[in-house]
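Based on the provided sequences and hints, a complete structural model is requested.
There are 2 protein chains.
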Amino acid sequence: MTNWMDIVLSRRSIRKYKPDAPVSDDAVERMLRAAMAAPSACNQQPWRFVVVRDRALLDALADAHPYARMLRQAALAVCVCGDLAAETCFGGYWPQDCAAATENLLLAAHAQGLGAVWIGVHPYPAREADVRRILSIPEGFVPFCLVSVGVPAERKPPSDRFDPAKVRIDRWAPSGSEGASGDTP
Amino acid sequence: MTNWMDIVLSRRSIRKYKPDAPVSDDAVERMLRAAMAAPSACNQQPWRFVVVRDRALLDALADAHPYARMLRQAALAVCVCGDLAAETCFGGYWPQDCAAATENLLLAAHAQGLGAVWIGVHPYPAREADVRRILSIPEGFVPFCLVSVGVPAERKPPSDRFDPAKVRIDRWAPSGSEGASGDTP
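In the order they appear, the protein sequences are chains A and B.
According to the working numbering, the first sequence is numbered sequentially starting from 1.
According to the working numbering, the second sequence is numbered sequentially starting from 1001.
No lab work stands behind these hints, which were simulated from the structure alone.
C-beta: ideal position from N, C-alpha, C; glycine also.
One thing to keep in mind: the hints can contain errors.
Unchecked claim - Derived SDA-like pairs (lysine to any residue); straight-line CA-CA distance at most 25 Å:
1) K156/A x M1005/B
2) K1166/B x V51/A
3) K166/A x M1005/B
4) K16/A x A85/A
5) K156/A x C1042/B
6) K166/A x A1056/B
7) K156/A x R1033/B
8) K1016/B x K1166/B
9) K1018/B x H1065/B
10) K166/A x G1091/B
11) K166/A x E1087/B
12) K1166/B x Q45/A
13) K1156/B x E29/A
14) K18/A x A56/A
15) K1018/B x D1006/B
16) K1016/B x A1060/B
17) K1016/B x A1153/B
18) K18/A x V51/A
19) K156/A x P22/A
20) K1166/B x K16/A
21) K1156/B x R1012/B
22) K18/A x R55/A
23) K18/A x D59/A
24) K16/A x G91/A
25) K1166/B x K166/A
26) K1016/B x D1160/B
27) K1016/B x N43/A
28) K166/A x D1130/B
29) K1018/B x A1056/B
30) K1016/B x H1110/B
31) K166/A x Q1112/B
32) K1156/B x A56/A
33) K1156/B x Q1112/B
34) K1016/B x G1092/B
35) K166/A x V1051/B
36) K1166/B x E139/A
37) K166/A x D1083/B
As the list claims (entries may be wrong) - Residues from chain B that face chain A, not an exhaustive set, calculated with beta carbons under 10 Å:
38) E1029
39) L1032
40) P1095
Next comes the structure, spelled out in structure tokens:
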């Protein structure tokens, strides 16, 4: 339990990687296994993954996306894609499902001593179009995010983001006394 | 590492709970710490949490939501809310950020031996309105999901959802030979 919480609480966004330090296929498979273990609405599992190791493609993604410079040093990227046709039971949940899968993927990278960072793509149409073009993603699938992965060349201390002011009990505020709990919304 | 992967791979959606079996405030705080350790776009942390232990409110949520019957037996629910005003840097990412926080919350429940299930609310307007009304959530905050939590009264084996057919390498398909990798999109 403590060990597990340490993984969750110590994960940080890592954008600097040791150049040319390899990340094994086994490590990537563990990340993908963790991602696909995420829950999804109606268990629709509306996700696909493109593992990008090709240097020219990584550089093209770095050039196309305004916040993806770190891909130039990354060992690989994982592009998480939404599968619209998988939503046969409930529609509209695929970004949430892909986000849960992405968080598991990030945690699995960190648990293996790797560094990773989530690079947002969806819901920005221009970013989706660029990633779609570079990775030849067909219609019906939406580039959701990129995850940059490598062997860390930076260390960051755990960031304590816990804020009790963001927690309410039972109701946001007692009826008729909005804000009475001391936390102005 | 193995221990951590076991947590991720063995987490299941648990909808049956031992009646009247308590869940401590400390356990809930660990879940909230894990949730708030999630990454978010621009580190905006656009989330709030309502911890619902009041039986009348849990029953009202169970009545209002078509898939929330399990709240009648749950020790508590956590309503994860998006904070629209927190998106000062980038807009539109809050559902992804809340989903990552929710996944961490579910994992922290499971790691402590608790059972939990993610109940979708956003983006369904009627569900958002019902939860907003019952929990007195003010405008500017969006009820994103409910997480039902209790001491498990059911056991489920790990569900292996890993599907190598959902993984592509470098490009979706080689240019001009869509589907050549054997996985029709």
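Going down the list of hints, with the structure as the test:
| no. | hint | result |
| --- | --- | --- |
| 1 | K156/A x M1005/B | holds (23 Å) |
| 2 | K1166/B x V51/A | holds (11 Å) |
| 3 | K166/A x M1005/B | violated (29 Å) |
| 4 | K16/A x A85/A | violated (36 Å) |
| 5 | K156/A x C1042/B | holds (17 Å) |
| 6 | K166/A x A1056/B | holds (23 Å) |
| 7 | K156/A x R1033/B | holds (18 Å) |
| 8 | K1016/B x K1166/B | violated (31 Å) |
| 9 | K1018/B x H1065/B | holds (22 Å) |
| 10 | K166/A x G1091/B | holds (20 Å) |
| 11 | K166/A x E1087/B | holds (15 Å) |
| 12 | K1166/B x Q45/A | holds (10 Å) |
| 13 | K1156/B x E29/A | holds (24 Å) |
| 14 | K18/A x A56/A | holds (18 Å) |
| 15 | K1018/B x D1006/B | holds (24 Å) |
| 16 | K1016/B x A1060/B | holds (18 Å) |
| 17 | K1016/B x A1153/B | holds (5 Å) |
| 18 | K18/A x V51/A | holds (19 Å) |
| 19 | K156/A x P22/A | holds (21 Å) |
| 20 | K1166/B x K16/A | violated (28 Å) |
| 21 | K1156/B x R1012/B | holds (7 Å) |
| 22 | K18/A x R55/A | holds (15 Å) |
| 23 | K18/A x D59/A | holds (16 Å) |
| 24 | K16/A x G91/A | violated (37 Å) |
| 25 | K1166/B x K166/A | violated (37 Å) |
| 26 | K1016/B x D1160/B | holds (21 Å) |
| 27 | K1016/B x N43/A | holds (18 Å) |
| 28 | K166/A x D1130/B | holds (21 Å) |
| 29 | K1018/B x A1056/B | holds (18 Å) |
| 30 | K1016/B x H1110/B | holds (14 Å) |
| 31 | K166/A x Q1112/B | holds (22 Å) |
| 32 | K1156/B x A56/A | violated (44 Å) |
| 33 | K1156/B x Q1112/B | holds (16 Å) |
| 34 | K1016/B x G1092/B | violated (34 Å) |
| 35 | K166/A x V1051/B | holds (11 Å) |
| 36 | K1166/B x E139/A | holds (16 Å) |
| 37 | K166/A x D1083/B | holds (10 Å) |
| 38 | E1029 | holds (8 Å) |
| 39 | L1032 | holds (6 Å) |
| 40 | P1095 | holds (6 Å) |
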